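J.: Sequence:
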Amino acid sequence: MKTTGLPILNIIVFLPLAGAIICLLLPSASWSSTSLRRSSWSTGRPAPAPGPVSTLGPAGIVGLVVALLELAFVIFLVIDYPTSGHAAGFQFVSRHSWIGAFGIDWSLGVDGISLFLVAMTALLFPIAMFGPTLRGNSRAFMGWMLLLEAACMGTFLSLDLFVFFVMFEITLVPGYFLVAGWGGARRNYAAMKFFIYTFAGSAFLFVAIIALVVLAAPRNGGHQTFDLITLARIAGSLPHADQVLIFCGFAVAFAVKIPLVPFHSWLPDTYTEAPTAGSMILAGILFKLGAYGLLRLGIYVVPVGAADMAPVLLTLAAVGIVYGSLITIMQKDLKRLVAYASIVDVAFIVLGFFAFSSQGVTGGVLEMVNHGLTTGAIFFLVGIVWERRGTLRFSDLGGLQKSMPIMAAVFLAVVMSAIGLPGLNGFVGEFLVLVGTFATHRWWAVVATVAVITAAVYMLWAYQRVFHGPVLNPANDAVADISWRELAVVAPLLVGIVFLGVYPRPFLERVTPSVNYLLDRVEQAAPNAHVPKTHNVTYSLPANQDVRGGPPGAAGAASASGSGGAGSGGSSGSVPSAAGSTPGSATASAGGSK
Numbered sequence: 033m034k035t036t037g038l039p040i041l042n043i044i045v046f047l048p049l050a051g052a053i054i055c056l057l058l059p060s061a062s063w064s065s066t067s068l069r070r071s072s073w074s075t076g077r078p079a080p081a082p083g084p085v086s087t088l089g090p091a092g093i094v095g096l097v098v099a100l101l102e103l104a105f106v107i108f109l110v111i112d113y114p115t116s117g118h119a120a121g122f123q124f125v126s127r128h129s130w131i132g133a134f135g136i137d138w139s140l141g142v143d144g145i146s147l148f149l150v151a152m153t154a155l156l157f158p159i160a161m162f163g164p165t166l167r168g169n170s171r172a173f174m175g176w177m178l179l180l181e182a183a184c185m186g187t188f189l190s191l192d193l194f195v196f197f198v199m200f201e202i203t204l205v206p207g208y209f210l211v212a213g214w215g216g217a218r219r220n221y222a223a224m225k226f227f228i229y230t231f232a233g234s235a236f237l238f239v240a241i242i243a244l245v246v247l248a249a250p251r252n253g254g255h256q257t258f259d260l261i262t263l264a265r266i267a268g269s270l271p272h273a274d275q276v277l278i279f280c281g282f283a284v285a286f287a288v289k290i291p292l293v294p295f296h297s298w299l300p301d302t303y304t305e306a307p308t309a310g311s312m313i314l315a316g317i318l319f320k321l322g323a324y325g326l327l328r329l330g331i332y333v334v335p336v337g338a339a340d341m342a343p344v345l346l347t348l349a350a351v352g353i354v355y356g357s358l359i360t361i362m363q364k365d366l367k368r369l370v371a372y373a374s375i376v377d378v379a380f381i382v383l384g385f386f387a388f389s390s391q392g393v394t395g396g397v398l399e400m401v402n403h404g405l406t407t408g409a410i411f412f413l414v415g416i417v418w419e420r421r422g423t424l425r426f427s428d429l430g431g432l433q434k435s436m437p438i439m440a441a442v443f444l445a446v447v448m449s450a451i452g453l454p455g456l457n458g459f460v461g462e463f464l465v466l467v468g469t470f471a472t473h474r475w476w477a478v479v480a481t482v483a484v485i486t487a488a489v490y491m492l493w494a495y496q497r498v499f500h501g502p503v504l505n506p507a508n509d510a511v512a513d514i515s516w517r518e519l520a521v522v523a524p525l526l527v528g529i530v531f532l533g534v535y536p537r538p539f540l541e542r543v544t545p546s547v548n549y550l551l552d553r554v555e556q557a558a559p560n561a562h563v564p565k566t567h568n569v570t571y572s573l574p575a576n577q578d579v580r581g582g583p584p585g586a587a588g589a590a591s592a593s594g595s596g597g598a599g600s601g602g603s604s605g606s607v608p609s610a611a612g613s614t615p616g617s618a619t620a621s622a623g624g625s626k
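Each residue of the sequence shown is one higher than the one before, counting from 33 in this note's numbering.
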């Protein structure tokens, strides 16, 4: 397990929180409640002349410094994350007793699955904070954004279910105020709908967590604990029905957050009415909390329930792909089209998770990162069109390439990423999900190809209607092209899109061991998951983090998948990674790998 003298994970969580507190204590540099654009994104009515733009001010300076420092710490974390030895366990673990009477600890850790979600969060927040034009109270805006970043980081890094729930819930508050304070004409309706839906979903999460803690206590010497690893180890000894019901509680809560059909009705209004920065974060980060929770709390903690309910989740994902594709094609507004396209993307991710294959789960994790980069860039570019034209209705646009050639080229590059063009990030993720799903659930994979085909249809058609064709509206003749500042802001996202498409190895070598261990746990706890038998892929983790059954001292016992015993450095195992042969029965070496 990787450790460092620097409490890096605590810094990553508390730095933006400290920045948020400082921003809210500073005087506001600009406040004009009438300067916010009041026209609706969805109606396309021209916006009135904008009011005064907020200057950077003291709060903006604090926000910029904190966001860049946060990004620097996360870059250090990614670079320092171990890649040798196939490390699959949680690294840089920080644990401190918090509410000892209830078994609650302040416990943080990062593995390959959460590492790049943390990195994407650190990258996207400063772009969302300082890329789009800000009108209104910059002090409050920076404060809410930094608080939201702290809560997202805490959710991705928490190893205690109480901490996870608290951080998960905190995201609702700044999310609500960002939409209600800086959104479109129907912002109050959209913000309230977002809050009610996600808060109601969180009730299922709370009940599932409490049920798990209470049921696990007798098997933990009568002591309550919210520790993720301990609960995951004990959960396998609970009655089968209890595991299924607990998973259902997790699944409903995270399906609302993602959102997965039929829990999606809050998404279009919220994404559409949110300000540009809010749309970037809501689509790029917040829905990943639900997908990550489904993987971490659902599949990792109660794999028996996940295996039993996998057909239901796969069916909902397939329905989401077909339904989302059809309704996206029918949209008449650019931003609303991008919002509905997210329904297809999240369904594709869930499909990869519940394929229970190495490629499928790895592809699902990569698609979470890809979606953050691509959708964040698209919403930013859509915001630029809105700033220039005051409308996003396709009937009011057209021919913008003549006056915005650079903007058209950048937008096309991002669209190519969204439809999975080889050489860009979208292709790698979609390929892994489709291959992994085909290996275990062929007919669902066939349905998933609908997402690939229809994405090309509605994204390219939208691009054509906005940038090509004759200029029928005289207002489209003299639209200012993307500025150098705006180009510099979106450049990091473009670099990420190209890098992951051309050279995904740094991502895969960090994520794959954690995915392999997760699937090994699923295979041992739930043989009905039908994890494909393939050639061995090694991983290693500390013995006290092995949850594959029994007390900590029993970690590493031989299993049906060929896992070896714990060596001096921890435990090891092998799991499938591609369709083919059956794993061997090699034994563990002294170092813990085999």
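No wet-lab data here; the hints were simulated from the structure.
Each hint should be verified, as a subset may be incorrect.
Distance windows between CB atoms, simulated [as the list claims (entries may be wrong)]:
| hint | residue 1 | residue 2 | range |
| --- | --- | --- | --- |
| 1 | L492 | S129 | 51 to 59 Å |
| 2 | V351 | A50 | 41 to 49 Å |
| 3 | V482 | I131 | 42 to 50 Å |
| 4 | V97 | P559 | 51 to 59 Å |
| 5 | A441 | A273 | 51 to 59 Å |
| 6 | I438 | A50 | 32 to 40 Å |
| 7 | L444 | T347 | 49 to 57 Å |
From a predicted model like this one, the values you see are computed outputs, not experimental measurements.
We treat Cβ as the ideally placed atom computed from N, Cα and C, and that holds for glycine.
J.: Hint says 41 to 49 Å; check whether the CB-CB distance for V351 and A50 agrees.
T.: 44 Å, holds
J.: Starting from the range 51 to 59 Å, see whether the pair A441 and A273 falls in it by beta-carbon distance.
T.: At roughly 56 Å between Cβ atoms, A273 and A441 fall inside 51 to 59 Å, so the hint holds.
J.: Per the hint of 51 to 59 Å, is the separation of the Cβ atoms of V97 and P559 within bounds?
T.: 53 Å, holds
J.: Against the range 42 to 50 Å, how does the distance between the Cβ atoms of V482 and I131 compare: consistent or not?
T.: 48 Å, holds
J.: Please test the hint of 49 to 57 Å on the beta carbon pair from L444 and T347.
T.: For L444 and T347 the Cβ distance comes to about 35 Å; the hint is violated.
J.: How does the Cβ-Cβ distance of L492 and S129 compare with 51 to 59 Å: does it lie in that range?
T.: 55 Å, holds
J.: Measuring from beta carbon to beta carbon, are I438 and A50 in 32 to 40 Å?
T.: Hint holds: Cβ distance 38 Å, inside 32 to 40 Å.
When held up to the earlier numbered hints, the structure conflicts with hint 7 and nothing else.
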